[in-house]
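Peer 1: If you want the building blocks of each chain, they are given just below.
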Amino acid sequence: MTLPTWARVGLVIFVGLMVQLAVVNRVSVWSVSGQALIVLPVAAGLAGGPERGALVGFVTGLGFDVFLTTPFGLTALVWTITGFAVGVAGRNLMRSSTWSIVAFAALAAPLSIGAFVVIGVILGQERLLAAPVVPIMVVSTLVTALAAPLAAPAMRWAFTDPRDPVPLRR
Amino acid sequence: MGPFSRVSRARLILALLVLTAVTLMTLDTRGTGPIATARNSLLSVLSPFRSAAEWATDPIGDVWNGIVHFDELEEENAELRAELDQVRGDEVREITDREVLEQLLNATEITFADDVEQVAARVVAGPASSFEETVTIDKGSDQGIAEGMAVVTGAGFVGRVERVTSNRSVVLLLTDAEMRVAARLVTTQGLGRVEGRGPRQSPVVELLADEQAAVGEILQTSGLEGSLYPPGIPIGRIVSIPGSNVADADAEGDDDATTPTTTGGSTVIPDLAPVGTVRAELEPYARLDQLNFVTVLVWSPQS
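These protein sequence lines are chains W and G, in that order.
Heads up: the first sequence begins at 1 in the numbering used here, then just goes up one per residue.
Heads up: the second sequence begins at 1 in the numbering used here, then just goes up one per residue.
Honestly, the hints are just simulated from the structure, not real lab data.
Nothing here was measured: the structure is a model prediction, and the numbers come from that model.
Glycine included, each C-beta is placed from N, C-alpha and C at the ideal position.
Just to be clear, a hint being listed does not mean it is correct.
[As the list claims (entries may be wrong)] What follows is a list of derived Cβ distance ranges for each label pair:
no.: 1; chain 1: W; residue 1: L142; chain 2: G; residue 2: V7; range: 32 to 40 Å
no.: 2; chain 1: G; residue 1: L73; chain 2: W; residue 2: T160; range: 39 to 47 Å
no.: 3; chain 1: G; residue 1: S5; chain 2: W; residue 2: G124; range: 35 to 43 Å
no.: 4; chain 1: W; residue 1: G124; chain 2: G; residue 2: N77; range: 42 to 50 Å
no.: 5; chain 1: W; residue 1: P4; chain 2: G; residue 2: P301; range: 47 to 55 Å
no.: 6; chain 1: G; residue 1: L224; chain 2: W; residue 2: L142; range: 43 to 51 Å
no.: 7; chain 1: G; residue 1: P301; chain 2: W; residue 2: G124; range: 21 to 29 Å
no.: 8; chain 1: W; residue 1: P4; chain 2: G; residue 2: E83; range: 54 to 62 Å
Please work from the sequences and hints to get the whole structure.
Peer 2: In structure tokens form, the structure reads like this:
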């Protein structure tokens, strides 16, 4: 049985969400835990281009928003833009090597957290400033970079249609 | 499809997704019913998977924390041994202390909402992000829990129910920067407001400047008419008074007005005209970093 693309992407997002909530959340450094889930829109943007990056960012962010007390859609907004931006920037890559994925993930993590805080504060979530933003950025960068080599092949698998002789067309 | 149209399509999708996210945020912020219902339904569906994943991966977190926090564990061990020694040595004094505590409770009328229906719950998950101070408990609307209800332990106030599903509730802790609790000083009955300041920071209490605030003073929920929480729940005690932001105090040239003095072994802010506020740091009675079981007070301002 071959799963359709949307189901494979959904499965990868679901597994990523569970790993974030059950594992990454409980691995604390400097009393904070990181957000590794941002690696999924990054990997989707690199593997599938800006459109797929944005879509995966939106769904992943919305899934994460379910568990947060910040406005529903805030993470989705930030990660949609992140996935799109990585997809656009990734077009210039001749070939997506592991290191380039790690580099993109390590760059996207702190930027997306910064955007999350800024947009959140604009929306009246001043409490985000009370959190240890810099340590969260640092830890998130580390865990996202570590997760990138796992997320990239998972997302490539999700986007590859076994019936398609030319996989991963952007 | 040509390259131009593909780029246009990607931009169109981006615009639609951004618009959808902004719409969701706007509706959620305004408390529109269907969004909250949909969000809580999703939480209801996903929470059991989260619990199962946490159960399955429990050893990973334990191993990591054992490695990373080894020094802290050693320190904690040493502290616990010292505490145990002290407890053994203090057994004789315990009876006397208990009597003193009972007297204090009687004197301060901390009834602790014993006439309010209570639902005991287990903490099943911590916060989903380091940006917030929350815990998830294993009871929800099926047990009569509703948003806004106070959550306590035997020690005192823990937080309020922020979101509810049929079998889960998310509790916003006292330390979250969004938390505000109307409070009352036990001794003078002076009113104030306890505010959370975010992770790793003690909450503060903001009192009118003419209230005498001393280190060690106990605060409890105010019980004012329309108050969100039942009266008399112990919140915590004042541990330090860094200073006051009293307006015009310096202009009046009265240094004592802003300088804490020591009276009877405790730091006291002298009487001030009610022109500003005094902020004091608070130590919550409930151990918010070690919550296992909590109690939800099934009480609403109307009840």
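Peer 1: With reference to the structure, classify each hint as holding or not holding.
Peer 2: How the hints compare with the structure:
At about 34 Å, the CB distance of L142(W) to V7(G) agrees with the hint of 32 to 40 Å. In this structure the hint that L73(G) and T160(W) lie 39 to 47 Å apart at CB holds, the actual value being about 45 Å. About 39 Å separates the C-beta atoms of S5(G) and G124(W), a value consistent with the hinted range of 35 to 43 Å. As the Cβ distance of G124(W) to N77(G) is approximately 44 Å, the hint placing it in 42 to 50 Å holds.
Here the CB-CB span from P4(W) to P301(G) is close to 51 Å, well matched to the stated 47 to 55 Å. Look at L224(G) against L142(W): about 47 Å separates their beta carbons, and that is inside 43 to 51 Å. At about 24 Å, the beta-carbon gap between P301(G) and G124(W) stays in the expected band of 21 to 29 Å. For the hinted restraint 54 to 62 Å between P4(W) and E83(G), the CB-CB distance of approximately 59 Å keeps it satisfied.
Violated hints for the displayed structure: none, as all numbered hints are satisfied.
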